[in-house]
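S.K.: Turn these sequences into a full structure, and let the hints steer you where they fit.
Listed below, chain by chain, are the residues.
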Amino acid sequence: MSHPEDKELLEMFRQEQSSHYAFNLIVRKYQQRLYHHIKRMVTDHEDANDVLQNTFIKVWKGLHSFREDSQLYTWLYRIASNESITFINKRKKRKATSIEEVHEISELSNSGSVSPHPDQMEMKIQKAIDALPEQQKMVFSLRYFDEMKYEDMSEVLNVSVGALKASYHHAVKKVEKIILGH
Amino acid sequence: MEEFEKDKDFNNELNSLSDVLSKAGRDFKSSAPDGYFDQFPTLMSERVAQGSQKLSWSSWFKMIFNQRIAIPALASLLLIVVIFNSDYSNKQSEDIFQAEVIQQADPAVLLAFVDEYDIRNEIIRNEMEIDISVLDSDNTLEYFENSDINIENLIYDNL
Numbered sequence: 045m046s047h048p049e050d051k052e053l054l055e056m057f058r059q060e061q062s063s064h065y066a067f068n069l070i071v072r073k074y075q076q077r078l079y080h081h082i083k084r085m086v087t088d089h090e091d092a093n094d095v096l097q098n099t100f101i102k103v104w105k106g107l108h109s110f111r112e113d114s115q116l117y118t119w120l121y122r123i124a125s126n127e128s129i130t131f132i133n134k135r136k137k138r139k140a141t142s143i144e145e146v147h148e149i150s151e152l153s154n155s156g157s158v159s160p161h162p163d164q165m166e167m168k169i170q171k172a173i174d175a176l177p178e179q180q181k182m183v184f185s186l187r188y189f190d191e192m193k194y195e196d197m198s199e200v201l202n203v204s205v206g207a208l209k210a211s212y213h214h215a216v217k218k219v220e221k222i223i224l225g226h
Numbered sequence: 013m014e015e016f017e018k019d020k021d022f023n024n025e026l027n028s029l030s031d032v033l034s035k036a037g038r039d040f041k042s043s044a045p046d047g048y049f050d051q052f053p054t055l056m057s058e059r060v061a062q063g064s065q066k067l068s069w070s071s072w073f074k075m076i077f078n079q080r081i082a083i084p085a086l087a088s089l090l091l092i093v094v095i096f097n098s099d100y101s102n103k104q105s106e107d108i109f110q111a112e113v114i115q116q117a118d119p120a121v122l123l124a125f126v127d128e129y130d131i132r133n134e135i136i137r138n139e140m141e142i143d144i145s146v147l148d149s150d151n152t153l154e155y156f157e158n159s160d161i162n163i164e165n166l167i168y169d170n171l
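Sequence order for the protein chains is A and B. With my numbering applied, the first sequence covers 45 to 226. With my numbering applied, the second sequence covers 13 to 171.
Warning: the hint list may mix true and false statements.
Some, not all, of what chain B presents toward chain A, calculated at C-beta under 8 Å [said to hold, decoys possible]: (1) Ala44; (2) Phe49; (3) Ser57; (4) Ala61; (5) Phe96.
Just so you know, the hints here were simulated from the structure itself, not pulled from any lab data. Beta carbons: idealized from backbone N, C-alpha and C, even for Gly.
M.R.: Right, dumping it as structure tokens:
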């Protein structure tokens with residue numbers, strides 16, 4: 045399914061009679077990317093659904109004053125990332141960080157081979173990502189899965205390109221280490 | 013899509029990763045329940061439309077009674093009313109001892125603040141023909157109202 049360009053969507057949104065329609069098109073265009081980005085952060089579908097809804101509600105409220113200083117998609121990713129971090133911080137307060145999960149990852153790593161079954165691989169990667177600190181998790185997700193440019197990531201996360209490259213490098217090493225069980 | 017251009021250097025970077033991350037991990041996509049992305053835009057449109065509508069009286073009513081704040085607010089209001097009433101009652105009983113209030117007060121109320129011992133002394137001092145043994149709160153007032161004894165003076169004596 046082809047989607048209209050962001051510029052076109054924004055122009056449509058600024059006209060009162062078509063703002064709801066334009067918003068619906070924005071949701072359709074970006075829902076999957078934002079959902080996967082959020083889900084990699086929060087892990088659970090129900091949580092990802094809540095965060096995604098909150099993200100788009102903020103988008104609706106903020107889009108009227110969006111000045112196009114940044115690209116629409118980096119702005120959307122920034123809101124989704126902030127909402128995910130807020131959600132994770134709230135969840136942390138509710139329950140202590142699970143040390144058991146890290147043990148589970150090690151056990152899984154030790155029992156598996158270098159080329160495990162794809163389903164097992166998915167689980168391993170998700171668990172490895174979960175073990176990363178929030179910032180590295182975000183950087184890894186945007187770069188490794190969304191193949192986002194460092195310049196765009198810098199807009200999303202408000203961090204310098206150099207710092208992002210270093211953060212991604214550390215994240216990759218940690219994920220590899222966890223998956224290989226070293 | 014031009015606005016979501018992927019990084020051309022990414023493939024070079026991917027090749028430098030270990031086999032595990034450069035092959036298997038690239039296929040990993042987190043899954044959503046079937047039909048989720050078909051329904052989600054409609055859900056969002058509904059949520060946004062609800063938020064844009066002006067609230068009717070019934071909506072306000074529902075909102076007020078659905079809010080978590082309603083019960084604590086009601087409890088706080090009741091507490092304020094109770095404290096105010098209690099304060100007002102205490103103030104009234106304190107005011108009864110004020111001179112202006114005493115002059116305007118019902119003698120029957122004043123009598124409640126007079127010591128029985130003082131009443132007996134007053135009867136004796138004024139040589140009143142009252143059987144002290146039959147004095148009670150009802151007939152004492154009647155005796156005093158028919159005499160020249162000023163109850164107010166007894167009150168002041170007791171302050």
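S.K.: Just to be careful: measuring from the Cβ of alanine 61 of chain B to every Cβ in chain A, is the smallest value less than 8 Å?
M.R.: 7 Å, holds
S.K.: Closer than 8 Å between Cβ atoms is the bar; does phenylalanine 49 of chain B clear it against chain A? Give me holds or violated.
M.R.: 6 Å, holds
S.K.: Should the hint that alanine 44 of chain B touches chain A count as held when the rule is a Cβ pair under 8 Å?
M.R.: Check passed: Cβ of alanine 44 of chain B comes within 6 Å of chain A, closer than 8 Å.
S.K.: Quick one, is the phenylalanine 96 of chain B hint okay against chain A at 8 Å, beta carbons?
M.R.: 39 Å, violated
S.K.: Given serine 57 of chain B was flagged as interface, is its beta-carbon under 8 Å from a beta-carbon of chain A?
M.R.: 5 Å, holds
Checked against the numbered hints listed earlier, the structure breaks hint 5 alone; every other hint is satisfied.
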